[in-house]
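Chemist: With the hints as a guide, bring both chains together as one complex.
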Amino acid sequence: MNGKRVKVKKGETILDIAKRNGINIPTLCYHPDLKPEGKCRICLVEVNGKLVTSCNTKVEEKMEIFTNTKRVLEARRLNMELILSNITYARKDFELIKLAKELGIRKIRFKKHVDNSKGRGPIEIDNHRCILCGRCVQVCQNIQGINNIDFVNRGIFTEVTTPFNIPIKDSPCTFCGQCALYCPENAVRERAFSEKLIKYVENISIVKDSKFSIVQTAPAIRASLGEMFGAEPRTLVTGKMVAALRKIGFDKVFDTDFGADLTIMEEANEFVERIKKNKNLPLLTSCCPSWIRFAEETYPFLLKNISTCKSPQQMFGAIAKTYYAKKIGVKPKDLIVVSIMPCIAKKFEAEKPEMESAGCNDVDIVLTTREIGRMIERKKINFSKFGDGEFDEPLGISSGGGAIFGATGGVTESVLRVIYEIFTDKKLKKVNFKQVRGFEGIRDTEIEMGNKNIKIAIAHGLGNIRKLIESGEWKKYHFIEMMACPGGCIGGGGQPRPTTWEIRKKRIAALYEQDKKMKIRVASHNPAIKKIYKEFLGKPLGKKSEKLLHTKYKKRKPKYF
Amino acid sequence: MQILRKSGWAGFEKTLKMDRKEVIKKVKESGLNGRSGCNFPTGLKWELMGKGVRYLICNANEGEPGTFKDKFIMEKNPSLLIEGIAIASYAMGIHKTFIYLRGEYSYLKPKLERVIKQSEEYLKKINLKININLGAGSYLCGEETAIMESIEGKRPVVRQKPPYPPEVGLYGKSTCVNNVETLANVPLIFLGGWNNKLELYSLSGDLKKPGVHEVEGGIKLKQIVSLAKPKTEPKIIYFGASGGCLPYKKFENLSVGYKSISEQGCMLNGRGLIICGKNREIVELSKIFTEFFLQENCGYCTPCREGNFRIWELLKKIGCRKGRKSDLNLLQKLAYYISDTSYCALGTSSTNHLKCALKYFKGEFLKLCK
Chain R
1 MNGKRVKVKK
11 GETILDIAKR
21 NGINIPTLCY
31 HPDLKPEGKC
41 RICLVEVNGK
51 LVTSCNTKVE
61 EKMEIFTNTK
71 RVLEARRLNM
81 ELILSNITYA
91 RKDFELIKLA
101 KELGIRKIRF
111 KKHVDNSKGR
121 GPIEIDNHRC
131 ILCGRCVQVC
141 QNIQGINNID
151 FVNRGIFTEV
161 TTPFNIPIKD
171 SPCTFCGQCA
181 LYCPENAVRE
191 RAFSEKLIKY
201 VENISIVKDS
211 KFSIVQTAPA
221 IRASLGEMFG
231 AEPRTLVTGK
241 MVAALRKIGF
251 DKVFDTDFGA
261 DLTIMEEANE
271 FVERIKKNKN
281 LPLLTSCCPS
291 WIRFAEETYP
301 FLLKNISTCK
311 SPQQMFGAIA
321 KTYYAKKIGV
331 KPKDLIVVSI
341 MPCIAKKFEA
351 EKPEMESAGC
361 NDVDIVLTTR
371 EIGRMIERKK
381 INFSKFGDGE
391 FDEPLGISSG
401 GGAIFGATGG
411 VTESVLRVIY
421 EIFTDKKLKK
431 VNFKQVRGFE
441 GIRDTEIEMG
451 NKNIKIAIAH
461 GLGNIRKLIE
471 SGEWKKYHFI
481 EMMACPGGCI
491 GGGGQPRPTT
501 WEIRKKRIAA
511 LYEQDKKMKI
521 RVASHNPAIK
531 KIYKEFLGKP
541 LGKKSEKLLH
551 TKYKKRKPKY
561 F
Chain P
1 MQILRKSGWA
11 GFEKTLKMDR
21 KEVIKKVKES
31 GLNGRSGCNF
41 PTGLKWELMG
51 KGVRYLICNA
61 NEGEPGTFKD
71 KFIMEKNPSL
81 LIEGIAIASY
91 AMGIHKTFIY
101 LRGEYSYLKP
111 KLERVIKQSE
121 EYLKKINLKI
131 NINLGAGSYL
141 CGEETAIMES
151 IEGKRPVVRQ
161 KPPYPPEVGL
171 YGKSTCVNNV
181 ETLANVPLIF
191 LGGWNNKLEL
201 YSLSGDLKKP
211 GVHEVEGGIK
221 LKQIVSLAKP
231 KTEPKIIYFG
241 ASGGCLPYKK
251 FENLSVGYKS
261 ISEQGCMLNG
271 RGLIICGKNR
281 EIVELSKIFT
291 EFFLQENCGY
301 CTPCREGNFR
311 IWELLKKIGC
321 RKGRKSDLNL
331 LQKLAYYISD
341 TSYCALGTSS
351 TNHLKCALKY
361 FKGEFLKLCK
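These protein sequence lines map, in sequence, to chains R and P. Position 270 of the first sequence, counting from 1, maps to 270 under our numbering, and the rest follow consecutively. Position 74 of the second sequence, counting from 1, maps to 74 under our numbering, and the rest follow consecutively.
The shape of chain P in the complex, shown without the other chains (with noise of 0.2 Å):
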């Protein structure tokens, strides 16, 4: 895999002798983008920054009920990821770093504190300091602005933009937020031999072999599932929890990139892709991330705080076999609306999975109503 590649602070050291625009141009032409979800250019990213105290945050804050990549590559190659930050922070001029790891994920604090220790005399070269903040388990953390309240020791909740966080960020500074991978991938650019197609994919649910895979983009949904190994024939394959679903049979030669997926009406949120067997039930399946999010928004706006409880009680009361079909009405007509005037990315998102389910198995609803 290209992301175990062990780079030995060679990158780092090349990037040292470059002049910084010189690193952001190179970063830029290499076309990287931001492996989070939003598929936002790096290079433009750090070339947008302000100037004055500037600060750099990694979000490791991994949330997304399916989405294992970033903890597969602090596990198996974290120095990749402290280069990656030591040289986005030189290419934009950057003291100080902040990495906001899940609470989840606390077992790697250790470790990524030795790494941090053990690569000192490369830290001091650019006077930078990198600081570990550990979450306390919220889900929305994983969004940018929800991550500086939470440094700031406030209570997590999305601010509003515009402000961008290059112009207001953290305690008011210009700040960049960086997924785990997109900076682990910073230094294999100036290693030479870097394919920007490569990319992580956390496959999960029936499946044989779970695992992180790492494929080129533009594969076909066929052949990702395929390399997992599939216990059953697949029936529905989430892309996350915020990400909505596909019907497989339909879409098996769909090839897998930010754009198609977008195109189907889901987003390829972390790519991470829950597979589900033939003998699993939408409404059951709708119930169950119903329930996430029920669980992890904030209940700062209404819709999604009380939409997503009657959402809940909606689907418990259809799949109970008590529904009728005005509540199916009524199901859609919430999905539509929590999705069209919620206020964060959580609460707009957040609806996608029913609103897929409602697309394609309409029938199964259908059937278990009055």
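Bound conformation, chain R alone (with noise of 0.2 Å):
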């Protein structure tokens, strides 16, 4: 390679080799995660006097690579022109950009033609901006195993898709969003909610005293948010992240780790009650509305055993319009909940007629890291350099098990913590529930809690919770953890690009040693959640938690199918 003698493996990629040895080849529609198929031409390099692509093209004896003669550095230019002349494009940190960039591009020889961009559904694809890698389709079909979005027509009129061209809300997508966070081009996105909510912040800013606006941060963005200003996927940014939020205009920074508590003592109650019962078992988690949604249109016989608990988030803003509207004398319709989470999902959930507690939506606004990172750097705050700021109380108080839920296996573990005080009547020593956490797509341990023996599966990636159902082993246990995207939350839709496997290992690192330093571990313990039990819930699986937490899920038809 390049006139050096390189070892090898069997089965390795040119790419493989000359990232091992320090070598940079350009890439654009590789990704880490997914097949590498050799759409976009960019990673190109000379093999025996031939032009092939280093990603997939697996090494053999003799070969003779040179990865930057003029003939491949022309090609490389000469396709990302091509590219580029295609697209709008307008933000400069894109994967994109960035490679044109390094690739020395400077003026485009040819104009645009396409012309068709279509928004639809909490996701669009704008074909103003697609460029074809397919690394959307990808993770649709193989790694997701929905197969809603396709390639349609040939030549210069390929586009992406669903099916029949059908609006993306009324197709069999699940809204988990792992297009949109594998799109290297915004192509594929979150239908923006930001403009809405300028104009909501702007307005609060001038009726002080008739709105109110209260912003709940998910569990998984903090470990995130900081990439989008160049921080390591390590970093936890959560005080940085308030201090922002208030600056924006935010009258109260709350947390939905509060939300995620709270579901995790209906929840973990609800699985106690069926266990003594024997019904309905196994319990399948609730909190993802991608699964949710994925269950209600393709296995409609699970939704008994689906938890009747509504999502961290609803949780929050059914609590929010009501306790906290009241507390402060506010009425619901003028208080205006923003939720900030790593989901697309959530938008479509927070949307739907069910989820009304007061006589509105309990949720407003939902807004994903990637809305917030844009905003944020809109509104020119230096985030980098900001102070730590502090949650509100009394909704800003959490737990160690809030905490994990981002990650998968996290609500397993949070539910684990109070039901061993709940079945053993003693005081958990032993926080940590190792047996739990990993990485594999589907995973399963068995727990003793007094004298009984927990079966517990986990599942995240569509694909994986497909090929659980679809096995018929899904019985065998009495707890599954259901995760539309790959490691849980901290994979989700909305997140920062680029995600890989090893981003997303990083950053539930980063959310267990949160949870690891936190004062209050089990969510029973949280002072805040026994307080609003105590003055407005009642108890867990009460009459007043049963209308307000609890929801009903009914079966689901795609409109077109």
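Any given hint could be a false lead.
[Stated by the list, open to error] Straight line, CA to CA, 25 Å or less: simulated PhoX-like cross-link-like pairs of lysine-lysine:
1) P:325 to R:70
2) P:278 to P:231
3) P:173 to R:70
4) R:35 to P:173
5) P:317 to R:107
6) R:107 to P:359
7) R:9 to P:370
Simulated from the structure, these hints should not be mistaken for laboratory data. These figures come from a predicted structure and were not determined experimentally.
Modeler: Here's what the structure looks like:
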């Protein structure tokens, strides 16, 4: 390679070797989590006098590889120019523009020809920007197993769309948003809410007394928001995030971890109840709206097994619009609940008609991590040099159990912490349930609790969920945690790009670190939770919590099928 | 014509008496090469087949512009093709064969089905089932792996090689893909008196007598063209859309064969010759061929999808006398790098015609440029 002899293993691609030997080959459609397809033709190298793509060419004996001859560089540059010529782009931090700079492209000699963009549903596909790299299609087909998007038409009319071009909101899409997460060019993206929000924030400042805005931040975003401002994936930016949100203009900054703690309480009690009655087991978790939509559409026979608890976001919203609104003396309509989520499906969830507990939507606006990052940028807030802020009371106090909600296995672990005390009547000494942590797509374990053996399974990624259900294995367990995105919310569809398995692992580690540092580790020990049950809700699964914190599922059919 | 000889299943009966390996050996000895484009020895292809369930695909998706010899065979002598399929299947131990018929040839489907039904008694002897799959009009489906994707019901995109079809093919099984003309020649080998050199050439263009002609390979270009009686003096010969082109006057004494043509930077794909008369303009012709690739490329990789569109744009500009010399340079660069960096054979050959045009007729391009 480049005149040096290199040792290789069998089955390695040229790109692997180049990376190992410190040789930089620019790539565009290549993604470490996906099967290389060689579509963009940017990662070209010269092998024995022929140009090949390095991402999907396996090494053989007696290969003579050159990575930076004139022919290679010129071919790369021309292909990049052809890609760029056909898209509109505005932002400079996407992979594509970075790459274009790297390749030294200054002027594009061609003009744009595509002229159709579609905005529909929580996810939109913008063909103005699409470079047809096929990552989204691969994720949807191979990793998530939904098969909702594919290429249609030929030649320059090729585009990515849903079957028969139906609107995404009517298609079998689960809004997991992995397609958007993998897109290098923001062509597949979440429907923007920011504009609406800016108007809200402006109104708030004008008519201060009639409107009151609060914001909740999901457990997963504090480990990833920093990445948008150049931080390492492992850094937690909780304090900075809170301060920045205050600066944007929210009156109170709360924590969805509180909602998560509430969810754990309800879910744990529900689980104990079901174990006692031995009815509707296994209990399937309900925190993930994408999985709920998937189940409602594809596996209606599972609906009775799914926990009736709302997701942490919606629990928080319901509490805010009833308990908190009353407390501060604001009409529920005038209280604006904004939530910042790593997820696109949450946008869909917030708009569900059954998610209304005070005559209006519990959560008014849902923003993704990427959107809030962009907003912070637009407000010209210097994020990295920001001081630390703290969450407001009372909805900002949380336990370590809520904090790890964002990682796969986190929900299980925090539920286990709570039910241990219910089952054994002893105080939990060893808080960490390391058996449930890990990264395999489907993993299971058995845990002894008092005189009971609880069988637990954890599945993340819709493809794995499908595997678990269709193999019939799911019947063996008592408790199954389902998360639609690989890695849990930490790898959600609204997270900063790029997201690879390496980055997901780092973010998960950051969450567990946060959990370790916290004083309260078990949700039931959270004073704010104790207080709200005492003041307002009564007891878990009580009449009021049943009304506010639980929901019903019904069989849904995608409109066009 | 040799290809129109009726065999009446005599060749098949003969092979049944032979061992399978003997059949392959005989095909190998006969020197029959693939007649579709890459000239791969047929016997060797059959020998390379793996074990377990195997499939044979008869490639009847003849999409190359200016090539219509397969249609000619299927119209005039379909039973010879079916017999060839039967012999090939017997030799490779195959029990299921697919005929991938071009969408535009759908009118041939009933005819082929009738012939298959008539020859059921022979097919039963080797327990062979023949399926006819209609293509949906994609040029790319002439490529062997794209056919497989199409039969499997997927979007026709060329698969990455390796693995090659004999290892992993249709439905992940070992698969052999043969052209119609190749398979139709197989029974003739066993009949005796077969001449390997006789090949079919499809001639079209500014001719008085266009059509399929059977000629011995190695014949001079001048002789082939004169068979079809050109209307005016020929100026350019296109070897299909993807094969490139040659100026007639300079190469009229060139002997036509795979080797000699590829030495000139062209390809003898499917042996279709498009003969253009002296009043044709090279820029206009290049634009027409580019339009073909514009419609037919699959959109998979960047250079072929976007690059061909840009070529079309530039040619349009030059054709309107609005082009500059820098445009011509860009055109040359695009033509070179598209063929250098594309994913599949369609992409790499999509600018052959332009490369040749720029090589032999650059003056005409320059005349139109400012």
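Chemist: Run every hint past the structure and note whether it holds.
Modeler: The hints, checked one at a time:
1. P:325 to R:70: The hint holds at about 23 Å.
2. P:278 to P:231: Judged against 25 Å, a Cα distance of about 10 Å means the pair holds.
3. P:173 to R:70: violated (41 Å)
4. R:35 to P:173: Since the Cα atoms of residue 35 of chain R and residue 173 of chain P sit roughly 21 Å apart, the hinted pair holds (cutoff 25 Å).
5. P:317 to R:107: Given pair residue 317 of chain P, residue 107 of chain R holds - Cα atoms ~20 Å apart, limit 25 Å.
6. R:107 to P:359: violated (28 Å)
7. R:9 to P:370: violated (55 Å)
Checked against the numbered hints given earlier, the structure breaks hints 3, 6, 7 and satisfies all the rest.
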